[in-house]
Each structure stands twice: as structure tokens, then as C-alpha cells.
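Novice: Using the sequences and the hints, build the whole thing.
Protein chains: 2
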Amino acid sequence: MRKLINAPGDVVSDALRGLAAAHPSLRVDATGGTVVRADAPRTGKVALVSGGGSGHEPLHAGFVGPGMLDAAAPGQVFTSPVPDQIIAATMAVDGGAGVLHIVKNYTGDVMNFRMAAELAEDEDIEVVPVVVDDDVAVEDSTFTAGRRGTGATLFVEKIAGARAEEGADLAAVAAVAREVNERSRSFGVALSPCTVPAAGAPTFELADGEMELGIGIHGEPGRERVEAGSATEIVDAALSAIDADLPLAGEELLVLVNGMGGTPLIEQYVAYAAVADWLGGHGATVVRCLVGDYVTSLEMAGVMVSACRLTPDLTRLWDAPVETPALRWGR
Amino acid sequence: MRKLINAPGDVVSDALRGLAAAHPSLRVDATGGTVVRADAPRTGKVALVSGGGSGHEPLHAGFVGPGMLDAAAPGQVFTSPVPDQIIAATMAVDGGAGVLHIVKNYTGDVMNFRMAAELAEDEDIEVVPVVVDDDVAVEDSTFTAGRRGTGATLFVEKIAGARAEEGADLAAVAAVAREVNERSRSFGVALSPCTVPAAGAPTFELADGEMELGIGIHGEPGRERVEAGSATEIVDAALSAIDADLPLAGEELLVLVNGMGGTPLIEQYVAYAAVADWLGGHGATVVRCLVGDYVTSLEMAGVMVSACRLTPDLTRLWDAPVETPALRWGR
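Chains as they are written, first to last, in our numbering: chain V, 49 to 379; chain H, 49 to 379.
Hints are not guaranteed to be accurate.
[To be verified] For the chain V half of the interface with chain H, some residues (derived, Cβ under 8 angstroms), not all of them:
{"#": "1", "residue": "L52"}
{"#": "2", "residue": "G66"}
{"#": "3", "residue": "S240"}
{"#": "4", "residue": "D256"}
{"#": "5", "residue": "A279"}
{"#": "6", "residue": "G309"}
{"#": "7", "residue": "T311"}
{"#": "8", "residue": "E315"}
{"#": "9", "residue": "A321"}
{"#": "10", "residue": "W377"}
Because the hints were derived from the structure by calculation, they are not lab data. For every residue, glycine included, the Cβ atom is placed at its ideal position computed from N, Cα and C.
Specialist: In C-alpha cells, the structure reads:
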């Protein structure tokens, strides 16, 4: 293992201590496993809570702040947060207008968020869940019934966060979150595996010169393993898969070219050039884009492409001010 | 090679095409190798130009924009930009108030920036160079006479950029750039090597379970190779080396915990927790910090710690608005 850690069992709590030290704008419970906006609860504002296994940073804790999430519940590495964490985060941010749970579609996450929502009901906190399932690679996977939730989670959190910030009620915030999920698709490619610290060995084997098309964010299998292609071929595979499911021609798009953790930024921009060429050649227009490591899989090498068909209102919400550790603009 | 590229010889020009497509705020010459603020030249403003080999993204092109650099001249991977690139960038941004060249201390960079400065003189453009040499690991290295320029380059570019933005003249901008360099130190540790695409093989060998203390940003040798330690031990090695050269006790610090490209963000936060503990235990105060991949070495795993002894004026300049692809706040 080439890991910058102390004990494997302390990775998440150590990282949360680091997050707390680096970002006074967050209130972090490093042992309980919650990350909350320091100014929470905000009376009258719909609150947004997300969470999931750690190892995907900056998702989700790096997206906590004005204009995005009110709280995150990070589980152990690639492990769902437990209901106690989720209900603690929910209670910490409820300002009386209800709480949106943004849940990536993994069996454990869905189950634990549901249990937390039941606990919230006992506390008279209204919770609405929105499940993100944007990954077109596989219909069911190792960890899911149905599609996996991946890169578009960022789109949902940003846009629903903006809608909540401008005073929408819980039904309206949930509606826009679902709308973004329905209008978004993702597809990822791995060039190397990654190693969960507690396991100490790679999650899967991938020979130098091979790539896994349709990888998830936990090293779970994708569509097929093939000879590693060029950036142009990789992008073509990703965008063809997305386009087959959600036609992109004639659309105005929000695009994320997302490094999986071990792919340098220079290569992500090589991929973005191919994305821009592909979309231009297929009659789609990129209106907004992000290039960087946002929804990662530890140190896995590879890239994920996510696209969302924008509307003027979604573009406006995307552009709204945001102030989090990993995304900030407009303030 | 697990690379997301097309041809090895096209990596830099492809990445620059991607940068151009992603960031309309930049004017990019992907074949000539320059990245310029779209609104340059700004009449009457001192302009800042930096550059160096590619493979360290987001440095430098990701720091071009209001409040930071006016232009960058990215060379081939780990290769100095040629004088033609540097003079082209210089002429593109000169607004009549002179141009600051921010040069990392590598023999090729220093030589090529000097040649470009001579060419600028022929064009009646006043150029002042500032050489960054913050790396305490080695006195001379494979590629330098004297110390290497590494993580503090970001501090110099941000703070001098803010000073230029507020209307200071060339002498004053150069003075604050030198002041930041003199008040800053860095130390890096590698847990894996990296591979230059054109070479196709790792720049050095590092067995699993070993680490190189005092690594540079090109895989050039550091101080010593030892058994890989814990995050706490690695941070102690880095901060002890910095503190031995520039005492930190009683200081208010700007700290960068910089991922080298292949180390996940969760591990960088584990390192930041150790940094905060170490500095607190040694009587230093972190006033501002950054955690992330800012000055990278392709996909090398590892971390660099940089610290700058702040003054109230330097803190004010650090906090000033900045709007670049990789750093943005306050606007």
C-alpha cells in the first residue's frame, strides 16, 4: 500500500479531524461522523443532507456550505453511513421546513437513509428522499438494484442546494433534485484499480494496458474489459453510452469531466478536449462545465463523464453562489 | 502506462485545447503554448507571467485570471518552456507598466526566462524576474543550482497577483513576490513514482513500502529513501525540515498541504490533521490553509507541505479576490 494514513481504521476520523481544522465554516463530529454547516440550523430553509461511503472526496463533505448541502454523513471507506449518523445530521440541520435526503443508489445507502427517515418522522421532521441513479453503464450492479448513483450527484446537490437557498419549499426542492437526476447520465472508465486501506489489497485486478468500461466508483465491475484505448476512444465510449440512453443532440449541457482520483489534471483536460470535440460533432452545446476530481474512487486512475440537459432555470441555479470547500463561486 | 492520452507527443497541446474549451476566460494558443487572460493586456497594470514544464497542473495555467497570473507559458511535460513562448506571453499581457516573471528555480527555466527577458528589452518591455526557491530538501539538485521552486510558487503568484491587481508598480509587485518567497518553505515526500508519457517508464523506482523524503516535483532524488511511515511521521519529517530552516514557533502561517497528483483527497486531509496537530504543538498558528492538488507531479503519490510566515498585509493580499480555473474566491 502506498497510503498516506496512520492506522487503516482511523482514516475516516483522521480525515474528518483534518477537515475540521482546515474549514472553520464546518462543524465536524469526527467520531460521530457528521459534517454540518457551522450556521445550521437555518430557520425556515429546507435543509439538504447527503452521505455515503468515504473514499469519494470531495463528495459529500466537501460540498457542505451555503448554496449546497447543509450536512453530510460520511461512512467508512466504501461503506454506507449508519442510520445514527444520518439522523444526527438531519436533526442538526432541520430548520422547520423539512429535510431533503440525497441518496446515491446503493442498496446499503438506500436502506440506511430510509431507516434514518423513519427515525426523523418520530422527531416530527419531514424528510423527502431523492435517489440518484445516473450511471448508464449497468442496469444492476454488485451493490445496487437499478443504476448506480455517481457523478450527477454533484449536479443534484448543487442545483437543489441553490433552490433551497432561494427559499423554495421541500416539495419544490425535491422536484428540482429529481428533475436534475432524470436529465443527467454518467459513464466511467478505469485505467487502474484502487486499494481500500482496511483491505490492503486492490479492489480488483486490472493489467497495465487494460481498461474497464463502465466502472462504478467502488471498483465494482462495469460493462466490459478491453484493451486500453486513447483518450478520444475512451470519451467516445462514454459519450456514446450516455447518448444512447439520453440523446444529447440539440441540447444545452452541463458537463463534468471527473478524475477518479489517480489521473492527473493534465490528462483530464486531454479528455475534456475530446469531450468538446465529440459533443460539437454531435450537435450538442456545452453551456457549463467542470474538469477535476469531484466524485472519486480513492486513487483509481480513470475518468467519468457526466452530462445534464440544462434548462434556463437549471443553468441559473447552477450559476447561483456556492461556498463550500470544493466548489465556490459567485459570492 | 495507465494514461488517459492520445499520442504522447500531443499531451500538452491536447490539454491546452481542453483548457481553452473549458475556460472561455482564457485565450489559449495550443500550438504556440501560451495561456493568457482573455482581457489582456490591461493598460497600466503590472502583468504577471509564469511558466515551466507541464505535468504540474493546475500550476501554472490554472492560476491565470483576475487576481493572479496574466499569462502562463507551459512547456512540454517536465521540460522548460522555450524563450519564444515566454516572450509571446509577455508581449500579450504587457499593459505598459512592466511584467513580472515568476520563475521556479530550475536551470532550464531560469535560462529561458532570462533569454525571454532580453527579447522583451528589445521590445521596450520592462521585465523583472523573481526566482522561487522554497524547497528545503536539498541545497542543489539534479535540475538546479540552489534550492528548487515548488509549492510556494502558488503563494507568490496569488499574493503578487493581488498586489498588481490593486495597482502597485513593478518594483512593489516584485518586492512582495520576493518577500513571500523568502518567508516560505516547502518539503515533499513521494510514495510512488510517476511516468512521463513520452518516456513511457517511471521516472524512478520506488518499491511498495518505501518513501523518498525531500522529493522534488519531477521525481528527482530527495534527501533519503526510507521505509514508508505513517502520515504523522511523514508530516513530522516535512515540518521538522521546514522548521529547522525557518522557525515556525510564534508565527501566523499560510499552509498548503499539497497532493502530488496520485494521493486521494481523504489522505490529504489525514495529513492536514497531522499538520494542524504538529503546528499547534510547536506554538505556530495556521491563519489560512489550502488542502488539495495544486502543484503536482503527474500521478505521483505523496504530499508536499508548504508554509509561509504571514504578515497582516500578506494575509490581506491572500484574501483578495481571485478568479482562475483552480483558485477562486471573494468575487
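Novice: Does each hint hold? Answer for all of them.
Specialist: These are the hints, each one checked on the structure:
{"no.": "1", "hint": "L52", "in the structure": "holds, 4 angstroms"}
{"no.": "2", "hint": "G66", "in the structure": "holds, 4 angstroms"}
{"no.": "3", "hint": "S240", "in the structure": "holds, 5 angstroms"}
{"no.": "4", "hint": "D256", "in the structure": "holds, 6 angstroms"}
{"no.": "5", "hint": "A279", "in the structure": "holds, 5 angstroms"}
{"no.": "6", "hint": "G309", "in the structure": "holds, 5 angstroms"}
{"no.": "7", "hint": "T311", "in the structure": "holds, 5 angstroms"}
{"no.": "8", "hint": "E315", "in the structure": "holds, 4 angstroms"}
{"no.": "9", "hint": "A321", "in the structure": "holds, 4 angstroms"}
{"no.": "10", "hint": "W377", "in the structure": "holds, 6 angstroms"}
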